[in-house]
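If you read the protein sequences in the order shown, they are chains P and B. For the first sequence, the working numbering gives the first residue as 276, with consecutive numbering after it. For the second sequence, the working numbering gives the first residue as -3, with consecutive numbering after it.
Worth flagging that the hints you see were computed from the coordinates, not collected in a lab. Glycine included, each C-beta is placed from N, C-alpha and C at the ideal position. It is possible that some hints are incorrect.
[To be verified] Residues from chain P that keep clear of chain B, each with C-beta distances beyond 10 Å, as calculated: (1) T332; (2) E370; (3) A447; (4) L456; (5) I463; (6) E544.
[Stated by the list, open to error] Listed below are the simulated PhoX-like cross-link pairs for lysine-lysine, each with C-alpha atoms no more than 20 Å apart in a straight line: (7) P:K399 / P:K310; (8) B:K126 / P:K443; (9) B:K53 / P:K443.
[Stated by the list, open to error] Selected chain B positions facing chain P (in silico; Cβ < 10 Å): (10) S46; (11) A48; (12) E50; (13) G54; (14) A57; (15) F100; (16) R102; (17) M147; (18) K151; (19) T223; (20) E227; (21) F228; (22) G231.
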Amino acid sequence: MDSISLATFIQLLVTGISHGCLYGLVALGFVLIYKATEMVNFAQGDIMMLGAFIAFTLASGLGFAYIPVVILTILFMAAFGIALESAVIRPMIGEPPFAVLMLTIGLGFVLRAVAGMIWGHDEKEFDTPYSIDPLLIGEVSLDYEQLVVVGVTILLCLGLWTFLRFTKFGVAIQAASQNQLAAAYVGIPVRRVVAITWALATAIAGVAALLVAPLQLIYPGIGFVVGIKAFVAAIVGGFGSLAGALIGGICIGLVEQFVGYMFEGAYGETSVYVLLLLMLFIRPQGLIATLQRKKV
Amino acid sequence: MALLEVRNVESYYGPILAIRGVSIDVEEGTIVTLLGANGAGKTTVLKTISGALEPQKGTVAFDGDNVTALEPDNIASLGVGHVPEGREVFPFLSTEDNLKMGAFTRAAGDLEGDLDTVYGYFPQLREHRKLAAGFLSGGQQQMLAIGRALMLKPKVMLLDEPSLGLSPRLVQEIGDIVVRLNEEQNVTVLLVEQNAKMALGIASYGYIMESGRVVMEDTTERLAESTDVQEFYLGMKSGGARGRRRWKKRKTWR
């Protein structure tokens, strides 16, 4: 183990937070869908992968400029979420949770296989206008890609919070997630709310895809790795809390980077799951516990 | 023609027949009560009216339109305010947000004025308007559930056991408020109760349900005088010497 210089420390910090934000964004998708429907969508990471390939195709294959790529990818992902909900998820309402769980795991496999067939298994690159030389502050060199991840995540979360807290439809989404029957009785169209929640979750996965694509190479398995870590993030944060998902994601990103630096690279990967185990032993309700309040 | 007409409705929970051939009329401007023991099917009737359950047979008509098996949110937007059993507030939303959700089906309109009206009936809710509804007491949650339904500006309010788990004083208070809502806000009420004393006191007409069927219906004065109702629902003993009362005494409709 080496001692860390300040420059390295700051660099690890930024890398950790930016990776953490990505996990957090995918975890937001987990939590949104879980809160609205009590289903855990294990395909969330693979949905993000799909978004990355869509962005890649729009940019490299069809030659769109960056801004249209961003808009079209997000719109496509939202539409994909609505289609997925009505075609695959809605018929499963009333089935045992285990069946739904298996369905979403299977969906992940299908998405990976289909992506492999369409785009192949070799790695693709996705460039953005901000994929330029890193920003140098003294000895610290910061990638713009990472800074953009952090910035966009903050903006997205603020936007989401404002929407859920202050708009009539946002509050209705919260209401429907807390008590579906009562929501229907006051006239909230619960089915439409659920469909829109899925669209929101997949659109956020699309944003995560646009952010992860320039950082890493795109390949069909990318969503699986990110998805599992995001799931850990959601548990560490306390499943059911949106803020918790983000905080959990950042915790995991930081632990992964610092442990990976201080020991060998492989320990960084492992540390995520050690953190999960520790969390389940010490504070199973997660950092921000909502479930214990739910006994009302 | 009655505001709410339930005709020969049969509803199932999976394979289990919960109510059979139930017909109920609720005239505009009245308070009608539906009495019965646990499992008699009272809640099922309300769920069928508000669209949460689809009846296998029979029809529900509201305000002259057939609303059988419409989606619950459609039925709510027609002016049916359902106050479900066990309050069912939105626990993490503030009291005020709960009330605002009650007005979901209406265009923005005069939300503040309506909130004031609800707070006028339930001053305690104003005190706690920023508090998450899950932290309210049982009585306050019941008031919130009624207030939330009131925000819909309902033509008819379906009240499912508002006295459940409340102290006798609160039961009285809720009963008084239901009467005031009926008179002042012109809300027609279908009141499901196990507390027959309160319900017969405020309603004008009553139905009695047992094992999924309506076994008796009449004005509440006559119901209150019926020996069966007195003995089985109001807990009065039928005079008599020792030994004449049998635990499994037959009721007239059996």
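| said: If you test the structure against every hint from before, which numbers come out violated? | reply: The structure conflicts with hints 3, 4, 5, 7, 9, 12, 13, 14, 18, 19, 20, 21 and 22, although it agrees with all the remaining ones.
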